[in-house]
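Student: Those protein sequences? They're chains A and B, same order as listed.
Numbering follows our numbering, with no gaps: position 192 of the first sequence is 204.
Numbering follows our numbering, with no gaps: position 63 of the second sequence is 64.
Calculated from the structure, these hints are not laboratory results.
Any given hint could turn out to be false.
[To be verified] For lysine-lysine, the following DSS-like pairs were computed, each having C-alpha atoms within a straight-line distance of at most 27 Å:
id : chain 1 : residue 1 : chain 2 : residue 2
1  : A       : K311      : A       : K176
2  : B       : K165      : A       : K120
3  : B       : K63       : A       : K120
4  : A       : K265      : A       : K249
5  : B       : K191      : B       : K178
6  : B       : K4        : A       : K219
7  : A       : K176      : A       : K249
8  : A       : K30       : B       : K8
9  : B       : K191      : B       : K264
10 : B       : K165      : B       : K191
11 : A       : K219      : A       : K120
12 : A       : K311      : B       : K106
13 : B       : K106      : B       : K178
14 : B       : K165      : B       : K106
15 : A       : K30       : B       : K264
16 : A       : K120      : B       : K191
17 : B       : K8        : A       : K219
18 : B       : K4        : A       : K30
19 : B       : K178      : B       : K165
[What the hints assert, rightly or not] Here chain A is said to cover these stretches of chain B; the calculated rule only asks that three of the stretch's residues, wherever they fall, bring their Cβ under 8 Å from a Cβ of chain A:
id : stretch
20 : 29 to 42
21 : 65 to 75
22 : 85 to 92
23 : 99 to 112
24 : 120 to 131
25 : 207 to 217
Virtual Cβ for every residue (Gly too), placed ideally from N, Cα, C.
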Amino acid sequence: MQDINAANETSRRRAAIKRTVVGYSFLTPASTIMILFIFVPVFMAFYLSLFEWDLISPKTFVGLRNYARIFQSTDFFIAVRNTFYFVLVQLPLDFGISLGVALLLNQKIRGLSFYRTVFFTPVITSTVAVSAVWLWLYDPFDGLFNYLLEFIGLGPYGWLNDPKMAMLSVIIMSVWKGLGYNVVLFLAGLQSIDASLYEAASIDGAKPFQQFRYITLPQLSPTMYFVLIMGVINSFKVFTQIDVMTPGGGPLKSTMVIVYLIYQQAFNSFRFGEASALSVLLSAFILVLTLLQRFFLEKRVHYN
Amino acid sequence: MRKSYIKQFVIHFVLIVLGAAMILPFAWMISTSLKGYHEIFRYPPKWIPDSPQWSNYLEVWKLAPFGRFYVNSVFVALVTTVGQVITGVLAAYAFSRMEFWGRDKVFMLFLATLMVPTQVTLIPTYIVMSQMGWIDSYQALIIPFVSTAFSVFLLRQFFLTIPKELEEASIMDGCSKLRFICSVLMPLAKPAIASVSLFGFLGSWNSYLWPLIVINSNQMRTLPIGLRYFVSQQGGGSEWHYLMAASLIVMLPVLIVFFAAQKQFIEGIARSGIKG
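Isolated chain A, as found in the complex:
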């Protein structure tokens, strides 16, 4: 009896081992890539941030001096200020306009898919290509914007060449480019709201605003939460349009954002240690912000 039990036990264990081996062999291709290009680099970034290194001469250990240097440099504070300016202006604009458009599109109107396509087109076009187009629209001398604004007695503006306006110009273009993505998400969220909720509310005599406040907003809150989290993460990483439209950090460094500073430190000044320290700081900041949003906002999100 005991022998049979033992034999059963061994064969069961063998089967379990076999399943584990087969399971991990299926995971090998994907996990190799993740280990090599995400897990190892994350630790390497910390490690490198403690060294001074230009990739050519041998690296020297400097402890936390790279971090100290960052907090003493004016460029860092300029970059932080510019990044916050971008995020704090772009995000509310994007959020508000796209929610407004989605609400309009949700009014059972004709031509819904046409409008949706129109708003979505900038989203899928190459950022570099549309940046080039906006560079031309913003041209202070022959650009279309200054020409059109002249009709209503405004301008001419320097747009990207004006240190006071360069970041705002980048923001306007970014809102135009990213709007449609959130419109599609908001619209999908709105369309998934159960129509009977509105029917019941109007039978009870709820005004449109009350319906918006007590049905639409809570029902849409999971989508709003998702849009906000993604928006914060993406806005803090802004780089492409900045690099194309305002090369070199813009007039008087007015569009130099954090990712741009990282890029410059590493690939123009060859200070890989300091650039690593900067990227560690940025990533830690984004992570903390995401967790904070989770902590404070998720409670207020209404899940069915």
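Given the coordinates of chain A, assemble chain B onto it according to the supplied hints.
Tutor: Then chain B, alone, in the frame of chain A:
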């Protein structure tokens, strides 16, 4: 009744004004791309060129190797996408229908990679590439991206909805696991695979910062990077007609695919966006 007509009118009016603002940059790009050098600076500007200069498009092709940029972009995006599908299907299969030691912990680790901002891995990955001698190569543009947690996650969620009995039946019929994946599971998971491919392709096609740092010869540049250098060459001057023609050349293929398959595009984004 009257009130609802007015409401419809106001809604359409607002949408048309905003929609026009969305279209205007594209229209101005097309208009400029067909103008001659002197016509660009004519005051007041005209929307319809006097005589469309189709030759601008040919000139652009000569000013920079856009053909080569195309080949690079298409090749890199295709291989990346295929890679993501293969590694994704294998991993998603293991996560969704196999039971083994440590499975859920490994899955959590996969998900954790979604929290890592790309900036933090940028410099270390660059250094690894340079030590492997892969700077300025296709490997550098492709290998780090042939697997993403996002695609694994999306496929796993879909696989979970496919009944287990199906697999048991095929195994009874003497079908191996790989056979089952290729000939039963993948055809059933077509919508999820289409979403993964779409995101994989677009992600690779539009990727900017990484190819910017890892590629340094003109021959290896992808379209966005090629256009970026074209902008900085021409932007200092005033060859806006060439610049706009080049921009159109770069955005055209994705635009065509988008207009042909917009429903799949938008639904794919709405679906994965909300659940992702």
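Student: Look at each hint and say if it fits the structure.
Tutor: Verification of the hints:
Proposed proximity of K311/A and K176/A is contradicted: the alpha carbons are some 39 Å apart, above 27 Å. Restraint check for K165/B and K120/A: not satisfied, since their Cα atoms lie roughly 41 Å apart, outside the 27 Å limit. A hinted pair counts as satisfied when its Cα atoms are at most 27 Å apart, and K63/B with K120/A does not qualify at roughly 49 Å. With a CA separation close to 17 Å, the supplied pair K265/A and K249/A stays within the 27 Å bound.
Pair hint K191/B plus K178/B holds up; C-alpha atoms about 18 Å apart against a cutoff of 27 Å. Distance restraint check for K4/B and K219/A: the Cα-Cα separation of roughly 16 Å lies within the 27 Å cut-off, and the hinted pair is therefore satisfied. For the hint linking K176/A to K249/A, the alpha-carbon distance of about 22 Å falls within 27 Å, and the restraint holds. For the hint linking K30/A to K8/B, the alpha-carbon distance of about 67 Å lies beyond 27 Å, and the restraint is violated.
With a CA separation close to 15 Å, the supplied pair K191/B and K264/B stays within the 27 Å bound. Taken as a hint, the K165/B and K191/B pair is honoured in the structure, with Cα atoms around 18 Å apart against an allowance of 27 Å. For the hint linking K219/A to K120/A, the alpha-carbon distance of about 18 Å falls within 27 Å, and the restraint holds. A C-alpha spacing of about 26 Å is found between K311/A and K106/B, which places the hinted pair at or below 27 Å, so the restraint holds.
Between K106/B and K178/B, the direct Cα distance comes to roughly 23 Å. Compliance with the 27 Å bound is thereby established for this hinted pair. Among the hinted pairs, K165/B with K106/B is consistent with the structure: their alpha-carbon atoms are about 22 Å apart, no more than 27 Å. Our distance criterion of 27 Å between C-alpha atoms is broken by K30/A and K264/B, whose separation comes to about 44 Å. Proximity of K120/A to K191/B is assessed by CA-CA distance (about 31 Å); at most 27 Å being required, the pair is judged violated.
This hinted pair checks out: K8/B and K219/A have alpha carbons roughly 16 Å apart, not beyond 27 Å. At most 27 Å may separate the alpha-carbon atoms for a hinted pair to count; K4/B and K30/A exceed this at roughly 71 Å. Pair hint K178/B plus K165/B holds up; C-alpha atoms about 13 Å apart against a cutoff of 27 Å. Closer than 8 Å: that is the beta-carbon criterion, and the stretch 29 to 42 of chain B has 5 residues meeting it against chain A, so the requirement of 3 holds.
Given as covered by chain A, the stretch 65 to 75 of chain B fails the check, having 0 residues with a CB less than 8 Å from a CB of that chain where 3 are the minimum. For the stretch 85 to 92 of chain B, the proposed coverage by chain A is satisfied: 5 residues have a C-beta within less than 8 Å of a C-beta in that chain, meeting the threshold of three. Closer than 8 Å: that is the beta-carbon criterion, and the stretch 99 to 112 of chain B has 9 residues meeting it against chain A, so the requirement of 3 holds. With 11 residues bearing a CB less than 8 Å from a CB of chain A, the stretch 120 to 131 of chain B meets the requirement of three and the coverage assertion stands.
Here's how the stretch 207 to 217 of chain B fares: 5 of its residues keep a CB closer than 8 Å to some CB of chain A, so the rule of at least three is met and the hint holds.
Violated hints, listed in ascending order, are 1, 2, 3, 8, 15, 16, 18 and 21; each of the other numbered hints is respected by the structure.
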